[in-house]
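These are the residues of each chain, in order.
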Amino acid sequence: MRALSLETIGVGKRFGSFRALDDVTLKVRAGSVHALLGENGAGKSTLVKGIVGYGPLDEGSILVGGREHVIGTPRDAHALGIGMVYQHFTVAPGLSVAENLVLARGELPWRLDWATEFERLNAFMARMPFRLDIQRAVSSLAAGEKQKLEILKQLYLDRRFVILDEPTSVLTPQEATEVLGLMRDLAHANELTVLMITHKFSEVTAFADDVSVLRRGRLVGSTCVSDTSPEELSAWMMGQSSSKASAVERKPVDDNLPSRLEIEHLDVPNDRGTLAVRRLSLSVRPGEIVGIAGISGNGQRELTEALLGQRKSVAGDIRINGQHYGATRIEMQREKVYSLPEEPLRNACIAGMTVAENLALRDYDRGELCRHGWRVDRRAIRARARQLIARFQVRPDDPERPIGTLSGGNVQRVVLARELTDDVAVMVVSNPVFGLDFASVELIHQRMQEARNRGAAILLLSEDLDELIELSDRILVIHDGQINFETTAATAERHELGRHMAGAGAGAMDLHS
Amino acid sequence: MNRLPLLPRTIRTALPALPTLLALVSSFLLFMLFLGVQGKPSWEACRLVFEGAFGSVFAWENTLQRAAPLMLTALCVALPAHAGLIIIGGEGALVLGALAAAVLPRIVPGLAPLPMLLGMGCVSMLAGGLWIGINGWMRQKRGLNETIGSLLLSYIAIALFNQLVEGPLRDPASLNKPSTPPLAEDYLIGPLSESFQVHWGLVAGVLACVLAHVLVRYSVTGFSLRIVGGNVRTARMVGLPVDRLVLLTCVLGGACAGLAGMFEVSAVQGSANAALIAGYGVSGILVAFAARHNPPGIIVCAILLGGIEASGSLLQRRLGLPDATTLILEGLLFTNLLAWEALWGRIGRWRLYLGERYERRYAMEAQHG
Numbered sequence: 001m002r003a004l005s006l007e008t009i010g011v012g013k014r015f016g017s018f019r020a021l022d023d024v025t026l027k028v029r030a031g032s033v034h035a036l037l038g039e040n041g042a043g044k045s046t047l048v049k050g051i052v053g054y055g056p057l058d059e060g061s062i063l064v065g066g067r068e069h070v071i072g073t074p075r076d077a078h079a080l081g082i083g084m085v086y087q088h089f090t091v092a093p094g095l096s097v098a099e100n101l102v103l104a105r106g107e108l109p110w111r112l113d114w115a116t117e118f119e120r121l122n123a124f125m126a127r128m129p130f131r132l133d134i135q136r137a138v139s140s141l142a143a144g145e146k147q148k149l150e151i152l153k154q155l156y157l158d159r160r161f162v163i164l165d166e167p168t169s170v171l172t173p174q175e176a177t178e179v180l181g182l183m184r185d186l187a188h189a190n191e192l193t194v195l196m197i198t199h200k201f202s203e204v205t206a207f208a209d210d211v212s213v214l215r216r217g218r219l220v221g222s223t224c225v226s227d228t229s230p231e232e233l234s235a236w237m238m239g240q241s242s243s244k245a246s247a248v249e250r251k252p253v254d255d256n257l258p259s260r261l262e263i264e265h266l267d268v269p270n271d272r273g274t275l276a277v278r279r280l281s282l283s284v285r286p287g288e289i290v291g292i293a294g295i296s297g298n299g300q301r302e303l304t305e306a307l308l309g310q311r312k313s314v315a316g317d318i319r320i321n322g323q324h325y326g327a328t329r330i331e332m333q334r335e336k337v338y339s340l341p342e343e344p345l346r347n348a349c350i351a352g353m354t355v356a357e358n359l360a361l362r363d364y365d366r367g368e369l370c371r372h373g374w375r376v377d378r379r380a381i382r383a384r385a386r387q388l389i390a391r392f393q394v395r396p397d398d399p400e401r402p403i404g405t406l407s408g409g410n411v412q413r414v415v416l417a418r419e420l421t422d423d424v425a426v427m428v429v430s431n432p433v434f435g436l437d438f439a440s441v442e443l444i445h446q447r448m449q450e451a452r453n454r455g456a457a458i459l460l461l462s463e464d465l466d467e468l469i470e471l472s473d474r475i476l477v478i479h480d481g482q483i484n485f486e487t488t489a490a491t492a493e494r495h496e497l498g499r500h501m502a503g504a505g506a507g508a509m510d511l512h513s
Numbered sequence: 001m002n003r004l005p006l007l008p009r010t011i012r013t014a015l016p017a018l019p020t021l022l023a024l025v026s027s028f029l030l031f032m033l034f035l036g037v038q039g040k041p042s043w044e045a046c047r048l049v050f051e052g053a054f055g056s057v058f059a060w061e062n063t064l065q066r067a068a069p070l071m072l073t074a075l076c077v078a079l080p081a082h083a084g085l086i087i088i089g090g091e092g093a094l095v096l097g098a099l100a101a102a103v104l105p106r107i108v109p110g111l112a113p114l115p116m117l118l119g120m121g122c123v124s125m126l127a128g129g130l131w132i133g134i135n136g137w138m139r140q141k142r143g144l145n146e147t148i149g150s151l152l153l154s155y156i157a158i159a160l161f162n163q164l165v166e167g168p169l170r171d172p173a174s175l176n177k178p179s180t181p182p183l184a185e186d187y188l189i190g191p192l193s194e195s196f197q198v199h200w201g202l203v204a205g206v207l208a209c210v211l212a213h214v215l216v217r218y219s220v221t222g223f224s225l226r227i228v229g230g231n232v233r234t235a236r237m238v239g240l241p242v243d244r245l246v247l248l249t250c251v252l253g254g255a256c257a258g259l260a261g262m263f264e265v266s267a268v269q270g271s272a273n274a275a276l277i278a279g280y281g282v283s284g285i286l287v288a289f290a291a292r293h294n295p296p297g298i299i300v301c302a303i304l305l306g307g308i309e310a311s312g313s314l315l316q317r318r319l320g321l322p323d324a325t326t327l328i329l330e331g332l333l334f335t336n337l338l339a340w341e342a343l344w345g346r347i348g349r350w351r352l353y354l355g356e357r358y359e360r361r362y363a364m365e366a367q368h369g
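Going down the list, the protein sequences come from chains A and B.
Residues 1 to 513 (our numbering) are what the first sequence spells out, left to right.
Residues 1 to 369 (our numbering) are what the second sequence spells out, left to right.
Keep in mind that a hint or two might mislead.
Unchecked claim - Under the rule of at most 20 Å between Cα atoms (straight-line distance), these lysine to aspartate or glutamate pairs were calculated in the EDC-like manner:
| hint | chain 1 | residue 1 | chain 2 | residue 2 |
| --- | --- | --- | --- | --- |
| 1 | B | Lys40 | B | Asp243 |
| 2 | B | Lys141 | A | Asp271 |
| 3 | A | Lys153 | A | Asp165 |
| 4 | A | Lys312 | A | Asp480 |
| 5 | A | Lys312 | B | Asp323 |
| 6 | A | Lys49 | A | Glu59 |
Source of the hints: derived by calculation from the structure; they are not laboratory data.
Keep in mind the model is a prediction, meaning the values are calculated, not measured.
Given only the sequences and the hints, what does the whole structure look like? Please build it.
See below:
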């Protein structure tokens with residue numbers, strides 16, 4: 001019996017005044033596959049980083065194999081036989097499988113006796129339930145094989161408790177099934193214990209024995225997989241809080257108006273070249289907020305980037321007011337298209353430029369900011385920036401400060417001040433309040449509703465169901481790059497949305513047919 | 001906030017020049033050390049560098065003569081740098097520009113001097129712009145690293161130049177120094193005046209720097225370039241034509257380097273020959289980095305570097321130092337410059353701190369008074 005059990009008792013961690021993890025007590029049985037579910041920012045990564053020693057926990061204790069241990073560094077975790085497979089590969093692509101395995105050992109003699117090493121590696125491979133040719137170059141391995149190498153590495157290092165961080169996010173479904181099947185078999189043979197972070201309910205039901213759900217840093221529940229259902233799990237993940245009465249009055253959508261933003265049969269590839277968005281169609285009317293719900297990684301990012309002009313679609317069409325929209329500056333200015341993308345510093349700002357300049361990105365080439373058709377009027381840019389800074393309460397209020405030196409909430413306010421102008425006609429919004437304080441969230445929600453009431457067509461992609469239900473008129477669910485459910489927000493049922501986010505009712509629903 | 005008093009405001013404005021100044025000091029110290037261990041009079045050598053660069057009218061002439069092409073080749077680095085590219089192949093654009101200028105009188109002979117010179121300027125800019133433009137195109141459409149691409153293309157350009165000058169375009173009369181046929185007397189560019197023997201290339205260089213400054217600092221296009229150079233994702237989000245802007249800077253930068261080649265032919269060499277490959281393109285990289293890609297700074301740094309290069313012969317004559325000594329100084333300057341660049345992050349913070357400190361003091365005074 002090699003597999004280790006692990007328990008955390010009342011563990012917690014805070015970053016400044018923010019409690020990332022609060023009194024989490026979790027038991028992972030030896031020789032089991034334990035799934036850890038939760039939305040982005042729920043505290044999953046904080047928890048496992050504490051267990052492997054990358055970010056030691058502040059409170060509580062960890063029991064490994066029934067005895068209390070202090071894990072302060074990755075070395076401590078290694079000594080206990082705890083290891084982690086990261087979401088992205090940590091192999092050296094230029095080296096062979098054998099070299100990667102030996103390298104992982106860390107402490108090596110100054111000269112390697114490769115003949116003996118090969119002998120040992122071959123003996124090691126012979127004991128394994130799955131094998132790789134140790135002579136092969138890692139660069140020639142497919143993604144699934146690389147993931148297998150990562151797991152072999154853990155076994156080679158004699159790890160008895162392995163954490164997998166979204167292990168299948170880079171694999172095809174077939175590869176995912178194979179790799180997770182292998183892990184389950186190893187666990188059930190009592191070779192090791194597996195703790196697996198995932199977003200996918202199908203993986204939980206197919207491969208895990210137990211499951212725990214985190215939400216906002218707290219453990220919501222922990223149970224046997226056979227005793228629960230995806231509906232219950234999604235309810236745990238999303239919470240049951242009732243939506244607040246919104247401060248802004250909601251104007252009913254005029255169904256007779258023609259659609260302003262239309263997406264038809266859109267195909268968008270991801271960075272690896274496979275389609276992340278497949279034949280997706282939707283439409284948004286003037287004065288309407290259409291929300292797109294979904295678990296992250298189901299094509300939302302690629303869809304947003306395609307709408308913003310940051311990524312090319314390979315098929316289908318985006319239309320605004322019936323005309324093709326190619327995300328050029330002329331089209332943006334003519335159709336008054338704006339957006340609030342996620343990670344504003346990465347997607348919507350230039351960190352090295354000043355707040356004033358960042359506020360001018362939409363219109364430095366026309367109107368009052370542009371003199372004689374060619375010259376940028378810096379004084380006008382500064383003056384306008386002062387007004388916007390005051391109106392949107394950006395701190396510190398110096399327009400000449402590089403925007404990269406502002407806090408996240410203030411960067412988002414700057415982007416908001418620039419994008420939510422009075423004349424916005426189409427708006428694409430993606431996780432607008434991620435990581436923001438309460439006051440900023442209120443401000444952003446209020447401004448979006450005001451824009452809607454002025455007749456803007458808003459597409460809102462969010463992982464926060466509360467936000468979607470509060471703001472949207474209609475809610476669509478995206479799963480695996482396709483819309484598989486549509487409902488009006490007034491009649492939206494949280495568990496029904498959750499079920500479709502998890503992939504129920506598979507098969508795309510074509511909203512135009 | 002222009003409430004800052006004069007002194008801290010000056011410091012705040014001048015802070016970006018700090019790495020260059022520190023590099024100047026430290027590389028001269030290392031240069032003296034280098035001469036000292038050889039038993040050469042190091043202090044005397046530094047004095048001679050200064051004398052050879054700026055000590056007399058003749059020295060100034062020599063310095064400015066060399067500074068002129070440096071300004072233009074530095075722009076070939078600085079303009080694409082504003083869009084986030086590091087182009088180091090200015091030498092290639094320069095030699096091709098020179099070749100184009102030297103060939104034009106053979107293709108359309110018998111033009112009046114002024115139209116001919118204008119035509120030579122145009123074709124040299126066209127050749128240089130095309131060459132660096134290829135770089136920009138390969139980067140945007142083919143994902144090729146522009147730094148390595150420009151370096152390799154520069155080698156190709158030089159090889160092409162040598163091939164043509166030693167082959168089909170060679171003047172049979174040029175025996176041991178292969179050249180294109182010499183330009184007719186009318187097509188040579190003279191000095192600015194008889195008493196000040198510096199050719200018109202200096203005017204072109206300064207003018208190009210001024211225009212470049214207006215472009216990057218004041219124009220809408222320059223603002224767009226800075227957005228592209230700062231964050232391509234944001235540039236795409238606000239709908240800028242990223243590929244076209246990158247291509248534009250490459251073509252403009254290449255055109256500047258090509259123009260430098262034209263002046264070298266028509267004002268210095270009189271024909272296209274291997275003496276053109278004198279490292280102006282490479283020194284231009286140093287100038288651009290020393291000036292932090294700021295066009296007015298390029299004028300100053302090009303004069304400084306032109307001076308160092310001009311002082312080589314004086315060092316040789318007076319102290320018996322080899323010709324390569326000034327190259328050592330240049331090399332030290334570049335490495336020191338890159339080393340001091342590490343200060344950049346801190347400079348940003350100092351500037352913020354200066355502003356905040358005075359704001360706090362004002363706030364306090366306002367409360368008490």
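Here is what the structure says about each hint:
Straight-line distance between C-alpha atoms of Lys40(B) and Asp243(B) comes to about 53 Å, which puts the hinted pair past the 20 Å bound. In summary, the hint linking Lys141(B) to Asp271(A) is supported, as the alpha carbons are separated by about 16 Å, within the 20 Å threshold. For the suggested pair Lys153(A) and Asp165(A), the alpha carbons sit about 15 Å apart, so the restraint of at most 20 Å is met. Proposed proximity of Lys312(A) and Asp480(A) is supported: the alpha carbons are some 19 Å apart, at most 20 Å.
For the hint pairing Lys312(A) with Asp323(B), the CA-to-CA distance comes to about 55 Å; that exceeds 20 Å, so the pair is violated. Between Lys49(A) and Glu59(A) the alpha-carbon distance is near 14 Å, which keeps this suggested pair within the 20 Å criterion.
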